[in-house]
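Could you fit the two chains together into a complex? Lean on the hints.
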Amino acid sequence: MIYSLINTKNKKLYLLDNICHYSWQIMRLYEYQAKDILSRYGIKTPKGVVTDTAEKIEFDETPSVVKAQVLVGGRGKAGGIKFADNNGEIKKTVQYLLSTSIKGEKVKKVLVEERLDIDHEFYLGITLDRDKKMPVALASAYGGMDIEDIAINSPQSIKKKYIDPLFGFWDFNARKIVKDIGIKGNDLIGVTSVLSALYTIFKEYDAELVEINPFVRTVDGRFLAADAKILIDDNSLFRHREFEEQVKMQYSDIELMTKMKNIAYVGLDGDIGIIGNGAGLVMATIDTVNLYGGNPANFCDLGGGASKDRVIDAIDIVFSNKNVKGVFINIMGGITRCDEIAKGIIEYKNTKRIDIPFVIRMVGTREDEGRKICESNGIPVISTMDEAAKMIVRLVRDNTYN
Amino acid sequence: MMINKDVKVVVQGITGNQGRFHTNIMRRYGTQIVAGVSPGKGGENLDDVPVFDTVEEAVNDTNANASIIFVPAQYCKSSIFESIEMNLNPVVVITEGIPVHDTMDAVWYANLKKIRIIGPNTPGVIIPSQKIKIGIMPDHVFKPGNIGIVSRSGTLMYEIAANLSEKGLGQSVCIGKGGDPITGLSITEILKFFEQDNDTKAVVMVGEIGGNEEEDASVLIKEMEKPVVAYIAGKNVPPGRRMGHAGAIIGGSSGGGTAENKIKVLSSVGVKIAASPKDVTDLLEEVI
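Protein sequence lines, in the order shown, are assigned to chains A and B.
Using the working numbering, the letters of the first sequence correspond one by one to residues 1 to 402.
Using the working numbering, the letters of the second sequence correspond one by one to residues 403 to 690.
If we strip away everything but chain B, and leave its shape as in the complex, we get (with noise of 0.2 Å):
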């Protein structure tokens, strides 16, 4: 499982303004909140939820099992390594603008405690059939059913779980793998979970122009049973190399990273591929 239904979350940076927003949304919907964190404002209680100064404090109140970040860029990197160091799992780390060294030294961390962050710069995870979601995503367009969805983008999440709504076809989970170039977990390791997962039938890819993950997940889906159907975005964004740089060299396939080359990749491993955001529904359908 992703998230266990009797997942207990605590909010790190809850006395913020989108800290406070979303702990109040995702209480309506169902997750259960058990504290936050802000460092001296422990002690207080905010909407009826227990603040502490550190993570530990939580932890040892209120049996909390995973996180969910706010914390702004310049403080995120202890904020996640708090979170990782009391075992919490997974950590879901909203907050964008983190520099990219501190991402790689978290990602590092936690792959040693065996911790999932999912994240930075993501919407988050939701299972609507249980009606958890940790994460900042609006929850009704998110339907309860059997297709899973992963996404580097978050309102490109939303637009193609709207479409699959109207349309009857629910999701399982939905996990936004988070817009950084550096990020917790990959798109592969989702496509693994979703594989495994009795609840999810059908995955749909939302991937985008930039890095080589698309084109790293179709090893895996060729071996995949489920069926997965993309959408890549930024077709029209005029090709070209990336930066100048040596980064640039290391994935080693030269045109790797635009939304061609991702297409074609994807598309020889048998994943059906969406004209636009709309046609992930008849994709579906036909699939399942």
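So that you can see chain A by itself, here it is in the shape it has in the complex (with noise of 0.2 Å):
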């Protein structure tokens, strides 16, 4: 799903989180978003209007910034944040932005807000745990660049608050870390209710993330949210409607359609589908047929208790790669019934007349009646993986060259 969000920077990032727990998905919420969230918390933004045309663009906060609204990392140096000093260069930064794509991702809305006049910048923000199973608060005297970054360069800035969910994170617990990073007086209590309000965002948006960076002092002593990000669980969409069809913007077509067909299926870069029921099981089938010298196209997830229909579905998916060169299906019956599955497969390969080889490999519930279908119809099933997978990567590799 987050293909978009990581897109031609870097897929894998993508693939690594996807396959692991792909029930577990982000939202990332658009720069303007998040901040038109932090403001109704009371965290002051700078002034600004969000906008999908030039034409209409109206704006006196002279000078300006021109910000691309995308959902990749790395919009600056990519050219997606741009200067303009009058309304005429507005119109023409908007314009030029909006036919644009930064890294791949189509720029359908920009953000005109006032130039800030920054004396130092921070980072505050509020994440999620899970090793720990709580959430952190972190804050840094270095911001504006990302956090992986300022642990690198300097990890001993980064201060910390583990927060009890049960207990909640209080005033006197952000002001304990506000104040670590140097920042005294007046200011102690302001910004001590900013990092306060994320947290309350962060909990009442079912966030994973809540991050202001940076977090500017301006010249004249103001504290502003220059940027923001904000990352929700995808699993609590059904306490937060108003993004439900922002996050199906966020997926493929091919994503949208498997996850309407409860399928996981990411793609690889190899010539043989792979299909199977549960996640680890369907990794363990990738690393076998790597084993054995193969190369899998495709990461497929039928879940638990596939039907004939969803098979289909996953073999059509599959096969919409045109690498696929052969196809090993791994089923451990347990709520998913073999002779289902088998009936799916043929009903596959009958209608369509596919002349690709099929290697079959099921066990676990109703075994003997999928074996047999499969069986009948030419199909030979093999009762392990190893054996399967060694059986397809031969197959697969006689077919090419031949």
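There is no bait here: all hints are sound.
List time: in silico DSBU-like cross-link candidates among lysine-lysine, alpha-carbon distance up to 30 Å:
#1 A:133 - B:594
#2 B:515 - A:132
#3 B:479 - A:132
#4 A:343 - B:680
#5 A:248 - B:479
#6 B:515 - A:133
#7 A:47 - A:92
#8 B:594 - B:680
#9 A:259 - A:352
#10 B:680 - A:325
#11 B:680 - A:308
#12 A:132 - A:179
#13 A:133 - B:674
#14 A:160 - B:479
#15 A:203 - B:516
#16 A:322 - A:349
#17 A:372 - A:390
#18 B:666 - A:132
#19 A:161 - B:515
#20 B:516 - B:407
#21 B:545 - A:390
#22 A:203 - A:109
#23 B:680 - A:390
#24 B:594 - A:161
#25 A:159 - A:203
#26 A:132 - B:594
#27 A:390 - B:674
#28 A:372 - B:545
#29 B:516 - A:132
#30 B:410 - B:594
#31 B:545 - B:569
#32 B:479 - A:161
#33 B:666 - A:133
#34 A:259 - B:479
#35 B:624 - A:132
#36 B:515 - A:160
#37 B:674 - A:132
Derived CB-CB ranges, DEER-like:
#38 B:418 - A:55: 48 to 56 Å
#39 A:244 - B:515: 30 to 38 Å
#40 B:446 - A:52: 53 to 61 Å
Honestly, the hints are just simulated from the structure, not real lab data.
The C-beta atom is built at its ideal place from N, Cα and C for all residues, glycine as well.
Written out as structure tokens, the structure reads:
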């Protein structure tokens, strides 16, 4: 799903995250949406206006900064942030940005903001620590770069406070780390309330991350969120219906199609199609095919209890990749019934008349029935994953060189 | 003991498809299912199991002491809290897709009340020698014996148990940790249980890419007397950093979460690593 988010920059990122917990995905909000939420919780943001057209734009706060609204990271370096000194320049810049793509992502909206006279850049954020199973508040006196880079360049500058979710995060907790990053006097009160508000947003929006970076102090002593990022847990969308349409836009067509059909699919760059039931089993199947010298073309998980139709859909999706020269279907029947899987495979083969080798391995619930259906249609069923992996690798190799 | 042999289970969400289906399979295997909970359906009987509106009524009437939950993700947080409140232990959460904030709150409440949550998104737990399962695993692939299995993946647990059973290596207890990024019992806590469990001689850990739980478990494994064999799925998933967000750095160890890193860390504390699920059997035969 986060395909468009990572897109050309680093497809690998997407793959890793998507496979290991695709049931737990993340939706990213645009900067203007994140800032809108922040300001509703009392956090100051620069004066600004968001637009999808250059014509109607009127903005008096010059000089200005014009920012492409995209979800890919590294927007600034990729030319997505421009300066403009008067209304004519703003119009031209908006028009230009709306006609471009940033790292492969088409710019659909642009945010025009007052340009700030920055005295110092800080980092403030709340995120989820999976390993400790708790949220953590983070602050640093060195904002403006990625938190990962801060962690590398000046790890001692990152101040943390782990949060017991049953206890919550109170002003005195926030005050301590705000003080630790060197904010004193009257400013201590204001910035503490910003960090506290971030935790409120984090809880109310089911966020995985709420981040202000940079959190700036201007030359005239104001504190504002110059950029903001909010990531929301997809599983919580039933509580946040307002984002439902947007989350769909973050999927590619094939991902949207597979998600609707309850299939998890991720493209890889080999030539052997892989289908199985259960994420762990499918990953293990990919590893085993690799072990015997083959190159998987995809990850495709049918989930539990797949019907005949879901099997047909899955094979269809796998074959939509024209590199596929053979398919390995690996079923460990529990809730999933082998006979149902077999019916799907046979129906697909008989209607589409595909001349590509299939290797089926199925064990478990209704194994004998499934085996009978496959074998009476001329498709052998192998009982072990290793034997089946070896066979598909050999069949694809023979086909390729003949 | 992870589960007492006299465990009396209440099924939350018993009138749903999955709940009803697996209630019958669990009973056929040997699990005592004493009650079901389904709000609005209290007073009914479903396949001879009494149904209650609340867990409290179910416990008062039947002395249930453990729970399995099939309730849909949207309503699940309340159901988990309901079980914890009544001190049911363990609480096995089968449901997939629960918001991570809900799981996190439930896990902390369970810690406070000293209750074990297994899952969410788990196949559950099975003890073949006692014919008890609180879960949805196909029980015919599990045979009695002295190998403990802890797995992050359901089907991969079945796969490995089936291989072991075929080679005469039965299992003491098999526990699905759950596939979600945040779960109740961690791999380390489950390994601690196996180390103390008299019926377990060796442990199989089935891990996968993502998170740092396998790496964290290596600290305990170093001190364990019982041998641990591991299989880690996802070696050939293209490696990369995790999502470009702050969560990625909290674990601290760069390169954490990849199969390569997990294998490196586990090997360094003496864990034998299987190249494929099939090899787990051979490695176990070497260490026991």
